[in-house]
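Read top to bottom, the protein sequences are chains R and Z.
Heads up: the first sequence is residues 180 to 535, going by this note's numbering.
Heads up: the second sequence is residues 180 to 535, going by this note's numbering.
Everything labelled a hint here was simulated from the structure, so no lab data went into it.
Be a bit skeptical, because a hint or two may be false.
Since the list gives no way to pick one copy over another, a pair counts as held whenever it fits inside one copy or between any two copies.
Said to hold, decoys possible - Below, computed lysine-lysine pairings styled on DSS-like, alpha-carbon distance capped at 27 Å:
no. : residue 1 : residue 2
1   : Lys-438   : Lys-486
2   : Lys-329   : Lys-525
3   : Lys-329   : Lys-516
4   : Lys-288   : Lys-308
5   : Lys-329   : Lys-197
6   : Lys-195   : Lys-288
7   : Lys-493   : Lys-329
Only a predicted model underlies this, so the values are computations on that prediction, with no experimental measurement involved.
2 protein chains.
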Amino acid sequence: MKETIKHYGSAEILTKLKNRNSLFICVIASTRTAKIPGITGAGATAELTDYTPAADVELIVHGEPQCLLEIPQTVIGGESAPTPAVITKAALELSDIPFLVADAGAAVKPNLPYIKINDEPGGDIKHGKAVLNPEEIFNKGKILGENLSKITDYLIIGESTPAGTTTALGVLTAMGYDAGHKVSGSMPENPHELKERVVREGLKAAGFKPGDLVTDPFKAVEAVGDPMIPAVAGIAAGSRVPVILAGGTQMTAVCAVIKEAAPEFDFDELAIATTIFVAEDETSDINYISTQISDTTIFAVDPCFEKSEITGLKNYLNGSVKEGVGAGGAMMAALLKGVSIDDLRKRTEDLCREIF
Amino acid sequence: MKETIKHYGSAEILTKLKNRNSLFICVIASTRTAKIPGITGAGATAELTDYTPAADVELIVHGEPQCLLEIPQTVIGGESAPTPAVITKAALELSDIPFLVADAGAAVKPNLPYIKINDEPGGDIKHGKAVLNPEEIFNKGKILGENLSKITDYLIIGESTPAGTTTALGVLTAMGYDAGHKVSGSMPENPHELKERVVREGLKAAGFKPGDLVTDPFKAVEAVGDPMIPAVAGIAAGSRVPVILAGGTQMTAVCAVIKEAAPEFDFDELAIATTIFVAEDETSDINYISTQISDTTIFAVDPCFEKSEITGLKNYLNGSVKEGVGAGGAMMAALLKGVSIDDLRKRTEDLCREIF
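All chains should be built: construct the whole structure from the sequences, respecting the hints.
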């Protein structure tokens with residue numbers, strides 16, 4: 180297992196999680212920021228990004244998306260890679276970990292039972308009015324996290340939020356962290372200039388400069404964030420058991436919000452788990468961002484897709500997709516339950532053959 | 180404990196539940212049937228019944244209703260009795276049992292995170308068009324039940340559905356059970372004639388006679404039921420762990436639907452838990468209905484409100500309210516965790532003093 184889970188920071192929390200029961204909750208949200216041309220690869224076209232979160236969780240529950248005919252894929256220059264939801268599905272099935280969905284504001288609602296935290300999608304952060312009610316979303320997340328943590332040994336929180344690295348950059352920048360050129364992205368060419376321009380414009384429109392909102396996470400989210408961030412931060416803050424934030428650089432923005440909105444929060448009880456594709460991404464630096472916020476350990480799972488015969492999965496090695504729908508955290512939880520990485524990859528391949 | 184939990188049928192299932200972890204889920208729904216004058220006491224006026232389910236679960240989570248200024252009470256001839264939500268709240272707090280809310284179609288949505296199974300309230304059954312999509316609701320419930328049952332030793336499912344005994348009578352009658360004059364009600368004077376007339380009208384409007392839908396539970400719900408019934412039936416049918424249906428005669432309609440919609444269901448893994456006020460009600464007969472359907476054990480908890488100094492709680496002894504929001508099942512689960520009935524009553528009294 181050691182070879183397949185790398186860690187940056189202390190691996191001590193793993194002893195609390197090994198062979199314990201967990202619960203995976205995927206928080207979905209949309210923002211109009213995702214419609215900015217060239218900003219995200221999470222959806223074959225800008226219009227389809229509205230469907231991606233719902234289609235992702237439908238794929239996990241029903242084995243196929245029901246809200247649209249096509250399966251979410253990242254298509255870059257003719258090359259396509261399947262949504263990381265297939266990895267998450269494979270991991271949760273092999274480890275029999277329960278899967279819940281929470282809506283923080285998805286534009287298209289999934290056809291399955293889900294927990295409603297917030298209804299409205301986020302705006303385009305360019306206009307400096309991104310989320311209407313971040314504190315209310317945080318507080319609802321907190322109630323949910325407290326309740327869910329009564330019934331499991333640890334919580335794994337994933338997300339599906341197209342353009343989420345741009346809104347994460349927004350929150351981090353507003354709160355004074357140095358995240359420029361450091362957030363990840365769903366495409367091999369990470370459009371850092373575009374992301375930073377959008378954030379700058381948004382902050383300006385809201386009347387703030389970078390770093391103006393060091394102690395006001397909700398204003399930061401309100402101006403240039405997305406509704407997933409306060410929802411996940413709230414669930415984590417409400418939890419009484421350890422929390423794995425299953426995602427890439429977006430989860431550092433969640434940590435930044437938790438740190439200010441829940442000052443009593445114990446960061447020893449939290450870790451970020453992602454994929455090797457994020458951790459070793461040369462176009463971003465999750466560790467650089469994270470160490471500015473807290474001592475959070477970052478775990479990175481390597482599914483060894485170089486061994487795969489499925490072209491779409493091999494495209495992950497070229498920088499397509501990288502992470503999403505909590506794929507890295509779901510893999511880690513499965514490994515902690517004794518599932519082997521080879522079985523995980525094989526089940527992912529089988530699902531790709533069945534679904535695509 | 181024996182004196183406070185009576186049972187009708189085998190008490191064997193208790194050995195599987197004692198000191199185990201449980202999860203309480205409250206399914207809320209509204210129907211326009213509740214607006215028929217004189218049919219329900221669940222709300223101070225017919226208009227307020229729309230608010231009752233949301234206010235009930237808000238009271239449990241927030242300690243006060245947020246969707247309306249008044250607390251749900253049953254007011255009959257100047258006498259009032261507090262919503263059974265206070266009993267449920269006391270029981271869940273003392274036993275630290277997690278509380279989740281699922282919306283099966285509440286007219287007013289609660290201000291808290293809830294699981295969305297269905298959005299639309301039910302119609303007035305008089306017109307024979309009560310629920311649009313009962314099978315879809317059942318199937319979503321099933322997905323939820325399967326997932327929730329992975330994280331707990333047993334599930335307790337309560338409900339808040341004004342006029343729910345009338346819609347239960349509708350489903351039972353359509354499916355050929357003899358339930359006339361046998362369903363419970365929230366008022367001392369049980370308006371059986373009115374309930375039966377409404378059901379007869381509804382069946383006629385839908386083109387059916389009593390007993391026409393013996394093997395078609397979804398058609399029965401569609402014509403003369405409510406959206407809570409297929410939601411709870413689905414959650415129970417999806418569960419892999421024992422299920423306690425926390426409610427009165429409404430839960431017999433749920434059993435009838437499960438029996439036909441999930442023929443493989445093992446009724447040894449299910450019981451109904453209610454209050455002594457339902458079990459010993461002279462205006463209804465839960466056992467008479469239940470034994471027609473299955474060998475389901477009915478447990479009845481006596482909170483000994485005759486020992487209380489709170490007038491509102493004493494009014495339960497006169498036949499006001501009787502049950503709701505899973506009060507009987509929540510008390511049973513607390514007793515099974517070692518909470519004493521005296522502590523339960525005292526905590527209920529304290530909550531009444533705090534809230535009302």
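Comparing the hints with the structure gives:
1. Taking CA atoms no more than 27 Å apart as the test, Lys-438 paired with Lys-486 passes in neither setting, with 40 Å inside one copy and 49 Å between copies.
2. For the homomeric pair Lys-329 and Lys-525, the shortest alpha-carbon distance between copies (24 Å) is at most 27 Å, but the shortest distance inside one copy (34 Å) is not.
3. Within a single copy, Lys-329 and Lys-516 get their C-alpha atoms as close as 20 Å, and across copies as close as 15 Å, so both meet the 27 Å cut-off.
4. Taking the shortest Cα distances, Lys-288 and Lys-308 sit within 27 Å of each other both inside one copy (22 Å) and across copies (26 Å).
5. With identical chains, the CA atoms of Lys-329 and Lys-197 are at most 27 Å apart both within one copy (18 Å) and between copies (18 Å).
6. In this assembly of identical chains, the alpha carbons of Lys-195 and Lys-288 never lie at most 27 Å apart, being 35 Å within a copy and 38 Å across copies at closest.
7. Proximity of Lys-493 to Lys-329 under the C-alpha cut-off of 27 Å is found in neither arrangement, the shortest distances being 39 Å within a copy and 33 Å between copies.
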